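*Asks:* Chains as they are written, first to last, in my numbering: chain A, 180 to 314; chain B, 180 to 314; chain C, 180 to 314; chain D, 180 to 314.
Keep in mind that the hints were calculated from the coordinates and are not lab data. Fair warning: there could be bad hints in the mix.
Which copy is meant is left open, so a pair is good if it fits within one copy or across any two.
To be verified - Straight-line alpha carbon distances no greater than 27 angstroms define the calculated DSSO-like cross-link-like pairs of lysine-lysine that follow:
1) 254 x 182
2) 270 x 213
3) 213 x 254
4) 270 x 284
5) 182 x 287
6) 270 x 281
7) 270 x 287
8) 182 x 284
9) 281 x 213
Every value quoted in this text rests on a predicted model; they were computed, and no experiment measured them.
There are 4 protein chains.
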Amino acid sequence: MSKITTQQFNQIIEHELPWAADADMRLQSIESGKAVMILPYHQRSVRPGGSISGPHMMMLADACMYAVVLSMIGKVELAVTTSFNINFLRKPTESDLIAEGKIIKVGKRLAVMEVSIFSEEDIVAHATGTYSIPP
Amino acid sequence: MSKITTQQFNQIIEHELPWAADADMRLQSIESGKAVMILPYHQRSVRPGGSISGPHMMMLADACMYAVVLSMIGKVELAVTTSFNINFLRKPTESDLIAEGKIIKVGKRLAVMEVSIFSEEDIVAHATGTYSIPP
Amino acid sequence: MSKITTQQFNQIIEHELPWAADADMRLQSIESGKAVMILPYHQRSVRPGGSISGPHMMMLADACMYAVVLSMIGKVELAVTTSFNINFLRKPTESDLIAEGKIIKVGKRLAVMEVSIFSEEDIVAHATGTYSIPP
Amino acid sequence: MSKITTQQFNQIIEHELPWAADADMRLQSIESGKAVMILPYHQRSVRPGGSISGPHMMMLADACMYAVVLSMIGKVELAVTTSFNINFLRKPTESDLIAEGKIIKVGKRLAVMEVSIFSEEDIVAHATGTYSIPP
Numbered sequence: 180m181s182k183i184t185t186q187q188f189n190q191i192i193e194h195e196l197p198w199a200a201d202a203d204m205r206l207q208s209i210e211s212g213k214a215v216m217i218l219p220y221h222q223r224s225v226r227p228g229g230s231i232s233g234p235h236m237m238m239l240a241d242a243c244m245y246a247v248v249l250s251m252i253g254k255v256e257l258a259v260t261t262s263f264n265i266n267f268l269r270k271p272t273e274s275d276l277i278a279e280g281k282i283i284k285v286g287k288r289l290a291v292m293e294v295s296i297f298s299e300e301d302i303v304a305h306a307t308g309t310y311s312i313p314p
Numbered sequence: 180m181s182k183i184t185t186q187q188f189n190q191i192i193e194h195e196l197p198w199a200a201d202a203d204m205r206l207q208s209i210e211s212g213k214a215v216m217i218l219p220y221h222q223r224s225v226r227p228g229g230s231i232s233g234p235h236m237m238m239l240a241d242a243c244m245y246a247v248v249l250s251m252i253g254k255v256e257l258a259v260t261t262s263f264n265i266n267f268l269r270k271p272t273e274s275d276l277i278a279e280g281k282i283i284k285v286g287k288r289l290a291v292m293e294v295s296i297f298s299e300e301d302i303v304a305h306a307t308g309t310y311s312i313p314p
Numbered sequence: 180m181s182k183i184t185t186q187q188f189n190q191i192i193e194h195e196l197p198w199a200a201d202a203d204m205r206l207q208s209i210e211s212g213k214a215v216m217i218l219p220y221h222q223r224s225v226r227p228g229g230s231i232s233g234p235h236m237m238m239l240a241d242a243c244m245y246a247v248v249l250s251m252i253g254k255v256e257l258a259v260t261t262s263f264n265i266n267f268l269r270k271p272t273e274s275d276l277i278a279e280g281k282i283i284k285v286g287k288r289l290a291v292m293e294v295s296i297f298s299e300e301d302i303v304a305h306a307t308g309t310y311s312i313p314p
Numbered sequence: 180m181s182k183i184t185t186q187q188f189n190q191i192i193e194h195e196l197p198w199a200a201d202a203d204m205r206l207q208s209i210e211s212g213k214a215v216m217i218l219p220y221h222q223r224s225v226r227p228g229g230s231i232s233g234p235h236m237m238m239l240a241d242a243c244m245y246a247v248v249l250s251m252i253g254k255v256e257l258a259v260t261t262s263f264n265i266n267f268l269r270k271p272t273e274s275d276l277i278a279e280g281k282i283i284k285v286g287k288r289l290a291v292m293e294v295s296i297f298s299e300e301d302i303v304a305h306a307t308g309t310y311s312i313p314p
C-alpha cells in the first residue's frame, strides 16, 4: 500500500512545489511503487511549434518520480534527485500529458524509477532517475 | 563568431519560451559554441528546503543548450532536444544560478552539448544533451 | 513476429561480435520488440570483489538492445548505438546474468530500448539506449 | 598530486581487471583529477563495419573514470560505478582510441567524472559517470 495518499501528495504540490502548482500538475492515482500524474495543456508551457516544451516534460517526470519515492518511504521531503535521464520520442499533440511512474529499485540510500509520458495514448518521452533518501 | 546575438536570444526567450521568461532566465553572453545563462533566485522556483528545484536547473540547462545550438546554426527554432542527462552534485545556496554551456560536437543532424551550473562559484549540477537539427 | 531468429542472432554474435562471443554471450529467446540474453559467469569478466564488472553489464545490455532492434527491423548490421545510459542497482552474485530487453519506441531513424539485468532473480542494473537506423 | 601512479594503476589493470588487460588498455598519464588512457586497435574489439565497438568505448570510458577516482582518493578498489551515460558522436577510424578523463566533483560518498574519447584527434564519444566511494 502507498505510504502517501493522492490527496497528501497534491497538498505537497500546492504548498511546497510552487512551480508544479503553477503548471496545474496533479497526481491522479498512487499505489506502492506506482504513480500517475497529469500536466494539463497550457499556452504557458509550450515551445516554438506549439507543443509542450521539453523542460515541462522533465518537470512532470521529476514530480512523478517524487510521488513514486514517497509512495515507498512516506512523506520525506528531503529526498532529492541525484541523476535524471530522458529520451524525447515524439512531438506531443496540443493536449494534456499523462505520466506513469514506477519503481525500479528502492534501497536504504537510493531509489531508482522510470517514467513514461503519454500524449493521447502515444508515448512521447521516457525518463529514468535516481533519488537520494536521507538517513 | 556566434550566429545569434545575446539580444536576439533574449527576444526568443521573451516571445517564444514563456516558461523561461516567467522564471526571468536571461542569456548573459554568447560566442560560437559557448553560452552563459542566468536564472535569478525566486521563491517560486524553490523546492522543500529552500534551494532552487531540480526541474528549474533542468530548465536552465536545456535553455542554455538551446542557446549553444543556435550559436552554431543560427535561429532554427525547430531544433529540439532528443535526449538529456543531468547529475545533481550539491545543494545550491539561496542565490542566482549561472549556467555555462559549450558544444561537444555539432553535425548535420545532431548537436551534443554540456552545461555546468554554478551557485556562488561552486558547481551544483552538470548536464549533457542532444539536439536534433531539422534538415 | 520477430524479424530475426535466435539462431540468426547467435550467428551474428559468433561471426561479427567477437567480444560478445569471447564472453560466451548468447541470445536465449526473441520476439518482436523483446529479447532475453545471457552472460555466463566467468573469472575473466570480474572486477575487484569477484562479481561481474560494470563494463560487462554494459556490453550485455548493449548487445541485448541490438537484438531488440533487429527483432523490429531485421538484419541491419549498421544500426549503431547513439546514446546509452545505465544505473547499477546492486552487486551481482557470482552467477550468470540474464538481460531482458524491450522496445520503448521504434521510428524510421531511431529506436529506443530498455534492458533490465538480473542476477538470481534480483535486478542488478537497468539501462536505456538509442540506436540509429540507417536509411 | 595524484594519489596513485601510472604504474600502480597499470598493475591494477593487469592483476584485477582481466577484461581491460585482455584488450591491452593502459593508463598513459595521470594527475590529480585527470587521466589519459589508451585502447589499442584490435580485430577482437570491432563491430560490423570494422571500427571499435560501442561496448569497448564504454569499457575504456569506465576504466578511465576509475583511474580519475583513484587519482583523488588513492587505491580504493571497492569504489564502484553507480551510473554511466555516453553519447556516441562519430564512427572511429581503424586506429587506437585515446580517452581523456577529468573530475567534475568529488565528495565523501560520490565522485562524478567526464571522459572524452578521441580517434585521430576527432572526438568520437563523450561519457559522464558516477562512482560510489565506500566509507
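*Asks:* Could you work out which of the previously given hints the structure breaks and list their numbers from low to high?
*Replies:* Checked against the structure, no hint fails, so every one of them is satisfied.
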